[in-house]
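When the letters of the sequence shown are read in order and numbered with this note's numbering, they come out as residues 4 to 479.
What the hints contain is simulated information worked out from the structure, not anything from laboratory work. No residue lacks a Cβ here, since even glycine has one placed at the ideal position from N, Cα and C. Possibly wrong hints are sitting among the right ones.
Said to hold, decoys possible - Think about it this way: if two alpha-carbon atoms lie no more than 27 Å apart in a straight line, the pair counts; the simulated DSSO-like pairs of lysine-lysine are:
id, residue 1, residue 2
1, K232, K245
2, K13, K118
3, K358, K432
4, K436, K466
5, K84, K118
6, K71, K87
7, K420, K436
8, K245, K342
9, K374, K342
10, K7, K342
11, K79, K67
12, K358, K436
To be verified - Okay, the calculated beta carbon distance ranges per label pair:
id, residue 1, residue 2, range
13, E33, A83, 37 to 47 Å
14, R280, E46, 54 to 64 Å
15, D41, N446, 50 to 60 Å
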Amino acid sequence: MSIKEILSMKLQQLYEENTELLVEIGNLLEPELAQIVDAFYVELLEIPEITPILKNAIVEKNLKESQKQWIHDFFKPRTAKDIKALIERQERIGSIHANININLNYFTYGIGLMKREIYLRIHQYFITQECQSDINCNQAAYVLEHRNFTQAFLVVGQLFDVLVSLISEAYFLNEMVHETNELSLKMKGMTQNTAIECERLRSLLLDWLRNTLTFLYQTPDINVHQLPKLQYSGFGLWVIYKADFLSHTVNISAELKKYIQEIDDALFTAANCRADRNETSFFDSVSELNNTVSKASWFISTIVDQVIELDTGMDSLTRLFNRRYLDTILRRQTNISMKQGFPYTILMLDLDHFKQVNDTYGHDGGDAVLKQFSELLMLSVRSSDFIFRYGGEEFLIVLSNVDSQEALSIAEKIRYKCETHMFMLPMNKQINKTCSIGVASYNGHPDYNRIIKKADLALYEAKNNGRNQVRFGVKM
Numbered sequence: 004m005s006i007k008e009i010l011s012m013k014l015q016q017l018y019e020e021n022t023e024l025l026v027e028i029g030n031l032l033e034p035e036l037a038q039i040v041d042a043f044y045v046e047l048l049e050i051p052e053i054t055p056i057l058k059n060a061i062v063e064k065n066l067k068e069s070q071k072q073w074i075h076d077f078f079k080p081r082t083a084k085d086i087k088a089l090i091e092r093q094e095r096i097g098s099i100h101a102n103i104n105i106n107l108n109y110f111t112y113g114i115g116l117m118k119r120e121i122y123l124r125i126h127q128y129f130i131t132q133e134c135q136s137d138i139n140c141n142q143a144a145y146v147l148e149h150r151n152f153t154q155a156f157l158v159v160g161q162l163f164d165v166l167v168s169l170i171s172e173a174y175f176l177n178e179m180v181h182e183t184n185e186l187s188l189k190m191k192g193m194t195q196n197t198a199i200e201c202e203r204l205r206s207l208l209l210d211w212l213r214n215t216l217t218f219l220y221q222t223p224d225i226n227v228h229q230l231p232k233l234q235y236s237g238f239g240l241w242v243i244y245k246a247d248f249l250s251h252t253v254n255i256s257a258e259l260k261k262y263i264q265e266i267d268d269a270l271f272t273a274a275n276c277r278a279d280r281n282e283t284s285f286f287d288s289v290s291e292l293n294n295t296v297s298k299a300s301w302f303i304s305t306i307v308d309q310v311i312e313l314d315t316g317m318d319s320l321t322r323l324f325n326r327r328y329l330d331t332i333l334r335r336q337t338n339i340s341m342k343q344g345f346p347y348t349i350l351m352l353d354l355d356h357f358k359q360v361n362d363t364y365g366h367d368g369g370d371a372v373l374k375q376f377s378e379l380l381m382l383s384v385r386s387s388d389f390i391f392r393y394g395g396e397e398f399l400i401v402l403s404n405v406d407s408q409e410a411l412s413i414a415e416k417i418r419y420k421c422e423t424h425m426f427m428l429p430m431n432k433q434i435n436k437t438c439s440i441g442v443a444s445y446n447g448h449p450d451y452n453r454i455i456k457k458a459d460l461a462l463y464e465a466k467n468n469g470r471n472q473v474r475f476g477v478k479m
């Protein structure tokens, strides 16, 4: 049974068992709805990140009305059809908040504020209003006074919890789709054309510099308030609208924005010196402008290698996966295993005494060994398996639908292949290398980090007991 079905049943049960009580609470709150929503707004407006959104006139008007209706609908009896519509509305709310990029923490904080205001009013009616059977008595409060005070609070709390769970689920589902699509966008085209894109970007920057220098030297009367700022140029607009898609691991956008600010500051200084006819300071400031642009240009030239490696998720030396997508792969493997019962196993591998290779034959020799060991691994597993360069001389293999016994057999074959392989180094030199391997199989726990730790402990045991061996992970 899905969480949505469970929540639907819970709502149905709450409304069936508490129909009269919910109607009475709704009647009590009806004249207070505007005050509840206003109190919600006043406190949320204290959060700077949300203020620009809430102060929009259209948002304020529509959102206040929808909030009052949202609370109003809480306290009405529900048929199965009504509950289905209520659930769909919560899902829309969650999706909308995700689409407009409202932090879910702010949303849950706001829900807490509304819940507090409702509790305060229920409490006030129960505690402070003395209902007598006279014509001035609030009849709804009178009825409630004879109800179980605790039950009223409990039912309202349960209603909020269920509906917020529905909203949160829709929010995170929308976020997951968004992130998947964003990742897909980053992987398509941008990575393949990174070198071309970066060269075009450098060209835009240098063109701007040439035009700006012409402006600084040839404009008779410079107005510092009308400068051709870099942030408004083709280069600046590219950074604003496209830099984030070039990579989400290397913070290229933030670095480029910092350079843009420095360049525009240097431009402002140079323009002021020119306007003041301070020739010496003007030449110094133009030199600083040139230097800052040169630094930005150099930074752009370093982007290519970083982005190709990170955006493709591939290690630039071995062409294996790097650790960027390890969590994604293991989360999926765990999900498949939990739902369909397919096992999976991790091999953690480490080349023995690898530091000696670098010390004796240099990093070129070490790189040659890593490349050849990577090729050996690729020839030792199936196309459905995943190989990662975990870091340095450590590698990690995810074996799909493989139990512990089969995994041990695969690991032993890899160990033997490595031991008997002749690694070719520059200058026609050859060496032998061995590897140690830790093996751990998924045991049903949803935290896939546990299986990584088990494999890592098994690898440590293999290395601690003489290396060039395979060890199976102990229970955790």
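Hint by hint, here is what the structure shows:
1. The straight-line distance between the Cα atoms of K232 and K245 is roughly 19 Å, inside the 27 Å bound, and the hint therefore holds.
2. As the CA atoms of K13 and K118 are separated by approximately 19 Å, the hinted pair is consistent with the 27 Å bound.
3. The hinted pair formed by K358 and K432 meets the criterion: a straight-line CA distance of about 17 Å does not exceed 27 Å.
4. Among the hinted pairs, K436 with K466 is consistent with the structure: their alpha-carbon atoms are about 14 Å apart, no more than 27 Å.
5. Between the alpha carbons of K84 and K118 the distance comes to roughly 26 Å, so the proposed pair stays at or under 27 Å and holds.
6. Note on K71 and K87: the hinted pairing holds, with a Cα-Cα distance of about 20 Å set against a maximum of 27 Å.
7. The hinted pair formed by K420 and K436 meets the criterion: a straight-line CA distance of about 10 Å does not exceed 27 Å.
8. Straight-line distance between C-alpha atoms of K245 and K342 comes to about 39 Å, which puts the hinted pair past the 27 Å bound.
9. Our distance criterion of 27 Å between C-alpha atoms is broken by K374 and K342, whose separation comes to about 37 Å.
10. Of the supplied pair hints, the one linking K7 and K342 holds, its CA atoms being roughly 17 Å apart against a limit of 27 Å.
11. Simply put, K79 and K67 have alpha-carbon atoms about 20 Å apart, close enough for the 27 Å limit, and the pair holds.
12. The suggested pairing of K358 with K436 holds, with an alpha-carbon distance near 12 Å, which does not exceed 27 Å.
13. At about 25 Å, the CB distance of E33 to A83 disagrees with the hint of 37 to 47 Å.
14. R280 and E46 have their C-beta atoms about 55 Å apart, which keeps the hinted 54 to 64 Å range intact.
15. Separation of D41 from N446 is about 53 Å and conforms to the stated range, judged on CB atoms against 50 to 60 Å.
Checked against the numbered hints given earlier, this structure breaks hints 8, 9 and 13; the rest are met.
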